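J.: Protein sequence lines, in the order shown, are assigned to chains A and B. All the letters of the first sequence, read from the start, carry residue numbers 513 to 1055 under my numbering. All the letters of the second sequence, read from the start, carry residue numbers 2 to 341 under my numbering.
Among the hints, erroneous ones may be present.
[Said to hold, decoys possible] Each computed BS3-like pair below joins lysine-lysine, with the alpha-carbon atoms no more than 27 Å apart:
(1) A/LYS854 to B/LYS121
(2) A/LYS811 to A/LYS934
(3) A/LYS854 to A/LYS957
(4) A/LYS770 to A/LYS811
(5) A/LYS854 to A/LYS770
(6) B/LYS306 to B/LYS187
(7) A/LYS934 to A/LYS957
(8) A/LYS1016 to B/LYS224
(9) A/LYS854 to B/LYS187
(10) B/LYS306 to A/LYS1016
(11) B/LYS187 to A/LYS811
(12) B/LYS121 to B/LYS224
(13) B/LYS187 to A/LYS819
(14) A/LYS646 to A/LYS598
(15) A/LYS770 to A/LYS957
(16) A/LYS770 to B/LYS303
(17) A/LYS819 to A/LYS646
(18) A/LYS646 to A/LYS1016
(19) B/LYS303 to B/LYS187
(20) B/LYS187 to A/LYS957
(21) A/LYS811 to B/LYS121
Since the hints were derived computationally from the structure, they do not count as laboratory data. In this text, all values refer to a predicted model and were calculated from it rather than measured experimentally.
What follows is the residue order along each chain.
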Amino acid sequence: MTTADIESTDREPLEATTLSTQPEPPRLPGLGWAELARWAWRQLTSMRTALFLLFLLAVGAVPGSVFPQRGNNSGDVLTYLSQHPKLGPFLDRLGMFDVFGSAWFASVYLLLFVSLAGCVIPRSLVHARAMRAKPPAAPRNLARLPEHRTYVTEAAPQVVLDAARAALRGRRWRLAAGAGTVSAEKGYARETGNLVFHLALIVLLLGVALGSLFGTKGSVIVVDGAGFANTLTRFDAFTAGRAANTDDLPPFSFVMTKFRATYERGGPQDGAPRTFEADLLVRDTPTSPQRHVTIEVNKPLTIGGTKVFLIGHGYAPVVTVKDGQGRVVLNGPVVFLPRDSKFLSQGVIKAPDARPTQFGFRGLFLPTAQVDPVRGGISTYPAADSPGLLLTLFVGDLGEDNGVSQSVYQLDTTKMKQTGAKGMRIGDVWTLPGGVGSISFDGYKEFASFSVAHDPGKDPVFIAAMTALTGLMLSLFVRRRRIWVRATAAGDGRTLVAVGGLAKTEAGGLGREVDDMMDELRVAAPELQEPELQEPELPEESQ
Amino acid sequence: MSTQTFAQLSNGFVYGAMGVLALAMFAFAAELAFGTRSRVARTNEAALVEARQPVRVGGGDAPAEPAADGAADGVADGAAKGGDERQRRADRLGGIAASLTVLATLLLFLGVVCRGFAAKRAPWGNMYEFSTTSALVVLIVFISVARRRPALRYLGVFVVVPVLLTLGLALSVLYVPAGPLLPALKSYWLVIHVAAAIVSGGVFTVGGVVTALYLVQERWERKGIVNSMSRRLPTAEQLDQSAYRLFAFVFPLWTFAIVAGAIWAENAWGTYWSWDPKETWALVTWVVFAGYLHARATAGWKGRKASIVALVGLSCFIFNYFGVNIWFTGLHAYGGLPNK
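Work out the full structure, taking the sequences as your base and the hints as a guide.
T.: This is the structure we're talking about:
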């Protein structure tokens, strides 16, 4: 089948309806591969399909906001899975916990962008031709146009047309001359903007892809006084694009000399955070000198193409743990993760090297500890005004010897037994029941969590977004419109001037433009003030 | 003046604005009830006649057409000269309603400004402040739209009621005393990003009201139903045009709000886009309105279907504002709601 065949099948039903009331059985085009592909391509690039895909994208994004997502909150996903043992795995198979990385979401937006490209690229070619083409010739009867004006002057037709040309050129209209007419068109920027907007969206998507292929992002918790070096092993969590080179991260390092957090005191917003910032001593490379930098929430540290962000903070109680033989098996700060706005923090202390038996604690650190009759130990203020530590002791196998690495924030108590609990203040020592050892609560340190990100797609995405925005404004605010001026000699030395205007897009304002141009015309070709000629007969086309 | 005084003044102004708005609402409603042919109504009627009988200006024998406004005024003046007491009362009520709305807008403006002085920052740090500012934007958009198209003054009651509800919700549920910002919000991007979002919200709301009325009027016109309200409303086509202009204006602004948010996010969190619920719903809103703009240019979608798409978009916007702050946790945890 050729193209002509397809076109004839397109047309035939139309003729059939005009000849007979009997509906023709629909004739399908033959299903050759080429036709099928052509048909599929036409469907894909049609506006209807694009609309459908747009709405599908909108609907598809919704579960990403309803269910916890692995990328943002892997902990919440695990909680959800354990709370919904039946529904959870099913949703997981559908990709509901990683919507924006799932194959079906990707296929929707990829189809949308193919559809977009298939629509926009041919349109760009058409528009490029239209930009070079001349404005169309004047229609026969300008009075039929939505905007039309006439007047009579004694100036010669050529004078009028010259004046019209000058007036329109001064307003930067595109001009073409006809027999006794001037055609003018303006507002090509609308379609240009429209195309630029859509093309920029494609570039934006490519930039996003670039970032996800080559970008890296890691997070790390640094306790006050401790340091960090930008190598893969030092991160607590690290994600990298498939094509990213993770062996060759920029070799900077820093020591956090002081972390400060302040909170509102008193008043209705008691306890609301006010500032937090971290003082760092940074070395850009192992050999470069140290420099002082203070990072705040909206003020990241930039080293080359990598940025270091302060994204959170919390407390790390400092403890000394001795085992049953009196040896010190742990001495230092243990990071507890904040759980509420008053920094009630949860954590785990493990003593894997303890002899004769291993033991561990589940703990709550309360910066301003108080006992609530219902909820037990709570914190009433985020600053460490009167810190308390609530510990629950578990004795037995920590389950860490089988080689499976465990989270430092979780205690696997399947082979352990709870043997005691205690609330402690700084300086307290707890001699553990059963003679397994002891623990002392020596104090606390603050920690800060940092995000170290490198995204090579960022700048392309930014430029594409700005370009898209500019294109969008052009496409919505520029109006495409045409004006024609016709000057006809009436034969008695007078000239009839007719002006017509046609807006190609919604939104008005053309009338005023026509009026302004008329005013300018009247300067060069003054209007003849004769009452009987105010409504002159318009001669039919005079060519 | 102390910050405490400013905070009290701000609250006083907001309460005052609500009181005046409530009066305006009654006046608008009364104008509708009394004046079968108030000035607004007659303006619309004249425009309606004009719209329904497109004047064929072909040969020279057609009489010179006065401009649409002139015709409307002519009809209006003629009717007023008829001296019907009831009509004049309705006209006066409409004028009073419009003036009260302007007064309420001024009061609300003062309320927002005083709130800024009380908190010593741009007053856009929590949901109470977003809501009051959004209400202010809705009123400003309405007043400027009504100035340009007097026929749209009839929308008054439909605009004032949601504004009153928003303010009531703000004062009763969302209220937070004035105070400094959370550290995460301390950035000049707050002013840029949030201002763009608030203005977008105001224009979306007015656009939504106009669209909803379009759907009603379009139905009446299609079914040939003529009642006192259909006579007073602008024509379906005029409503559709006004709605389109509002949405076409606000779409780039909303795009800018999202882009500005992405720039801020990159600066604060290290990722320009993290698919947190607020971002996701902002994008959903954007996509739906992009769909609206495309639908208007697609045969078979123009008019009713496109308008429904716009209303879906507005619902997404409203859900993003209230629903996401209340039900979802994410990075945009700034609402300052008590039971978060």
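J.: All hints, please: hold or fail.
T.: Here is what the structure says about each hint:
1. A/LYS854 to B/LYS121: Roughly 25 Å between the alpha carbons, so the hint for A/LYS854 and B/LYS121 holds.
2. A/LYS811 to A/LYS934: violated (41 Å)
3. A/LYS854 to A/LYS957: Holds: A/LYS854 and A/LYS957 sit about 16 Å apart, inside 27 Å.
4. A/LYS770 to A/LYS811: holds (16 Å)
5. A/LYS854 to A/LYS770: Answer holds: A/LYS854 to A/LYS770 is near 21 Å, not above 27 Å.
6. B/LYS306 to B/LYS187: violated (42 Å)
7. A/LYS934 to A/LYS957: Holds. A/LYS934 to A/LYS957 sits at ~21 Å (cutoff 27 Å).
8. A/LYS1016 to B/LYS224: violated (30 Å)
9. A/LYS854 to B/LYS187: Holds: A/LYS854 and B/LYS187 sit about 21 Å apart, inside 27 Å.
10. B/LYS306 to A/LYS1016: holds (23 Å)
11. B/LYS187 to A/LYS811: This hinted pair holds, its Cα atoms lying about 10 Å apart.
12. B/LYS121 to B/LYS224: At roughly 56 Å apart (the allowed maximum being 27 Å), B/LYS224 and B/LYS121 break the hint.
13. B/LYS187 to A/LYS819: Holds: B/LYS187 and A/LYS819 sit about 19 Å apart, inside 27 Å.
14. A/LYS646 to A/LYS598: At roughly 67 Å apart (the allowed maximum being 27 Å), A/LYS598 and A/LYS646 break the hint.
15. A/LYS770 to A/LYS957: Roughly 10 Å between the alpha carbons, so the hint for A/LYS770 and A/LYS957 holds.
16. A/LYS770 to B/LYS303: Not OK: A/LYS770 and B/LYS303 at ~62 Å, beyond 27 Å, violated.
17. A/LYS819 to A/LYS646: violated (52 Å)
18. A/LYS646 to A/LYS1016: holds (16 Å)
19. B/LYS303 to B/LYS187: This hinted pair is violated, its Cα atoms lying about 44 Å apart.
20. B/LYS187 to A/LYS957: holds (26 Å)
21. A/LYS811 to B/LYS121: With a Cα-Cα distance of about 21 Å, the restraint between A/LYS811 and B/LYS121 holds, given a limit of 27 Å.
Taken one by one, the earlier hints fail for this structure at numbers 2, 6, 8, 12, 14, 16, 17 and 19, listed in ascending order.
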